[in-house]
Amino acid sequence: MSKDQMRLLKFISQVSFALTETNLYLDTHPCDKVALSYYQMVKKQRQEAVDEYSRKYGPLQADQVNCKDYWTWVETPWPWER
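Take 77 as the starting number for the sequence shown in the numbering used here and just add one per residue.
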């Protein structure tokens, strides 16, 4: 696994954590506009990072597989494989 790939996976992990924590906060503070704005920003960062990862290294999750005629999920190493 390249340093760039590891860096991107680490970033995805970090923004995923921030997204989950903000989600939990918003469950109890649904009108907090600052938190809502932060949630949208982190959500966008995560989606962009996941899209970049998928383009460069293959899908991170099975729902990102482009499969019309063949199940391509098994063609590339999975993210946790080195």
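What the hints contain is simulated information worked out from the structure, not anything from laboratory work. Treat the numbers as computed from the prediction; the structure is a model and nothing was measured. Backbone N, C-alpha and C fix where the C-beta goes; we use that ideal spot for every residue, glycine too. Each hint should be verified, as a subset may be incorrect.
Taking CB as the label site, the calculated pair distances span [unchecked claim]: (1) Pro106 - Lys86: 24 to 32 Å; (2) Ser78 - Pro106: 38 to 46 Å; (3) Leu100 - Ser130: 20 to 28 Å; (4) Ser78 - Lys109: 35 to 43 Å; (5) Lys79 - Pro106: 19 to 27 Å.
Here's how the hints hold up against the structure:
{"no.": "1", "hint": "Pro106 - Lys86: 24 to 32 Å", "in the structure": "holds (30 Å)"}
{"no.": "2", "hint": "Ser78 - Pro106: 38 to 46 Å", "in the structure": "holds (41 Å)"}
{"no.": "3", "hint": "Leu100 - Ser130: 20 to 28 Å", "in the structure": "holds (26 Å)"}
{"no.": "4", "hint": "Ser78 - Lys109: 35 to 43 Å", "in the structure": "holds (40 Å)"}
{"no.": "5", "hint": "Lys79 - Pro106: 19 to 27 Å", "in the structure": "violated (40 Å)"}
Comparing the model with each earlier hint shows a violation of hint 5 alone; every other hint is respected.
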